[in-house]
Amino acid sequence: MQLEEIQVDVLQIRGTSFRNGYIQGKQLNRELMHTFSIMEENDRNVEAVIPIYQELAPHLVDELHGLADGLANPFFKSGNIIWWI
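According to my numbering, the sequence shown is numbered sequentially starting from 1042.
Just so you know, the hints here were simulated from the structure itself, not pulled from any lab data. Please read all numbers here as calculations on a predicted model, not as lab measurements. Mixed in with the good hints there might be a few duds.
Taking CB as the label site, the calculated pair distances span [claimed, not checked]:
1. 1101 with 1053: 14 to 22 Å
2. 1088 with 1047: 35 to 43 Å
3. 1088 with 1064: 23 to 31 Å
4. 1046 with 1115: 32 to 40 Å
Positions of the beta carbon are idealized from the N, C-alpha and C atoms, including for glycine.
Given the sequences, and given the hints that come with them, work out the whole structure.
See the structure below:
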């Protein structure tokens, strides 16, 4: 059996969680955001879980803020991504 050849882009980022999220947001394309907007139809309550993330993994919340800024998207809309990664 021959394995299918795949290509993967690797983005290495160093810096604060916010900066890492921001750079990732800049790298994501708008088609992906359209896909996430479709997923929002099954919206889960992001506002309810952010305090939990803030307590247990505040760096992830910082990264989500950076991601939202990089995507030029509202924080809670970008926060829906946490359900799909």
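Okay, the hints, checked on the actual structure:
1. 1101 with 1053: 14 to 22 Å: holds (19 Å)
2. 1088 with 1047: 35 to 43 Å: This hint holds: roughly 37 Å between Cβ atoms.
3. 1088 with 1064: 23 to 31 Å: holds (25 Å)
4. 1046 with 1115: 32 to 40 Å: holds (39 Å)
Hint violations for this structure: none, all hints satisfied.
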